[in-house]
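Kindly produce the complete structure, drawing on both the sequences and the hints.
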Amino acid sequence: MLNAQQQTTTQTRTDQRTLTYAEALREAMRQLMETDERVFLIGEDIGVYGGAFGVTAGLIDLFGPQRVIDTPISESALAGACLGAALTGMRPIGEIQFMDFVTLSMEQLVLQAAKVRFMFGGKVSAPFVLRMPGGSGTGAAAQHSESLENWFVHVPGLKVVMPSNAYDAKGLLISAVYDGNPVIFVEHKLLYKTSAHVPEEMYRIPLSQTAIVRQGKDLTVVATSIMVQRALAAAEELSKEGIELEVVDPRTLSPLDDKPIITSAIKTGKVLIVHEAPLTGGFGGEVAARIAASEAFDYLEAPIRRLAGRDMPIPYNRTLEYHTVPQVENIVEEARKLVRGEY
Amino acid sequence: MSDTDLQIAPDRAKELLETIGAEQAQEMLERMLLIRAFEEKCEELYALGKVHGTMHLSMGQEATAVGANYAMRRGYDYLLNHHRGHGHALAWGSDVNRMMAEFRGKETGYCRGRGGSMHIADVERNNLGANGIVGGGIPISVGVGLSIKLRKTDQVCLVIFGDGAANEGAFHEALNMASIWDLPIVFLCENNQYAMSMPVQKAFNIERISQRACAYNIPGETVDGNDVLAVYDAISRAAARARAGEGPTLVEAITYRYRGHSKSDRQLYRTREEVKAWMEKDPIPRFARRLIDAGMLTEEGFETLRQRAYQTIEAAVQFAENSPEPDVATILDGVYA
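Protein chains in written order, with my numbering: chain G, 1 to 343; chain A, 1 to 337.
Calculated cross-link-like contacts (lysine to aspartate or glutamate; reagent style EDC-like; alpha-carbon spacing at most 20 Å): (1) A:152 / G:34; (2) A:149 / G:70; (3) G:217 / G:333; (4) G:123 / A:124.
Because the hints were derived from the structure by calculation, they are not lab data.
Below is the structure:
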């Protein structure tokens, strides 16, 4: 097993094996199922179809329909199936076809899974992972493009993981399966085809361990999921102007490891938070509050700023959709302004 | 919904009693008495201001709890039940001291005082807990059934819910899934005539809730839930089917709660006469009479069981009273594994 803490960069060397985000997830699931008979997959169209985004493609051929279980369109019973199996010794990995549809599972997740351990005096655990693709950018319009992660961040008892690259996707999924808690594992549709170095070993990236994915002195950018990639692209562009961004990826949104964020804020004195989900009530508010309430307060040289999805449903039209959530150029512009003191 | 046609045939009752045997029959009766005594004490403690929260009493429904649970391999099979669950836990064989302690919010309670009356679970004995959400346990039973199937054991999951739960969408999803996969689940709908204040006659456009089984192509049966033998019989057959890999069954037990939905209920939706009429069909004297008639119990024997039940409860009250409160320093215990 690799020391995952050393592997926090998404940079790829040419002599290293690369996999896409989807392939990395698939490899993690294959290895988990090969090494642990308690692990099984359950979801809608995950068998022969391979999942709506092809993440589980081919796994039914390796493990059969007993362990790669197609369900009817029943998201409540699907979540309940994960929970009940987890309570009785299994390690299910469920798939919600689009994150939007998890709204139909909320009772089982929020009122049952999140609370069962606490409510029963710590005497049971519910170790399951529910994977789901969130995010816009595919023209799927308002009911297939949601970023609902902060709903779950607000529910103690659940963990919320959002990998931003293929390497993290594999290591975080393996950790999530063995975490012992219900884990909401939020993937991003636009990341599925992105590649990174992914070792073959079953390495783990610990949950609740925030990563500094790029060092910089001028501005801390805390970003989640695909916004990490956009922040890195923005950083490359600004670097040409002599502005160096420090990009911080929480990877696990809840429970949040805020220390590296606070340390980075102290170092740069300026913070921009970027996420795709709507601004109001979003994860960025929590990050901003934690920084403002910490020892970093005395080091801040500028207001903490947030760049997030507009407070609106995701539109269908390509141009409108593009302008609904932060893009690279928005991050460049906002970061430049912050660094130059033009806010 | 008339229940006259639900009477169990005398020959069948005799047969069942022979199968159960005098010793276990007396134990079942004693458990029914214990449930009644437990809940009477709950009311008393509430009136004394010793209870922090509310409670949902199942008085009148003891035959369903005991008949169903004794038809299972208690402690080996799985149980999921609902908010009106004191009787189910006691019938599953849970410890009355730890139950009373939980009711009082004490550290020695089943859930260390974190769950209370509505969330009693005895996970060491595979009682996966009472549920505060109507229908909340039904989807979970699908996962338990699936897990049993994947682990290839011969366990069965008994999931008990009320008439109100049968109108939740989760009921439909779960029964369908259990049916398509032949999961070893016994769905027991405890029809006590009211979902809070909503009578079943207004909430359903069918004669029997068990009719819904046909939509999932599984057996459905309605039994007299105030007859412990009738419930025992139906659940035994359903459990045997499940154990044999033949899939789930929906059993509806017709019963009645004597008390209101919870402590806030002024019972404006039903008459005193109606409650009185049901009390005439009280499951405890009915079963006692059966045992006496069958020569399995004497009048004195019944009195002994009754007294023992109340003594057991008094001891439980003392145990709970003397138990420590949870330490605030442990407040976060169990939020995460």
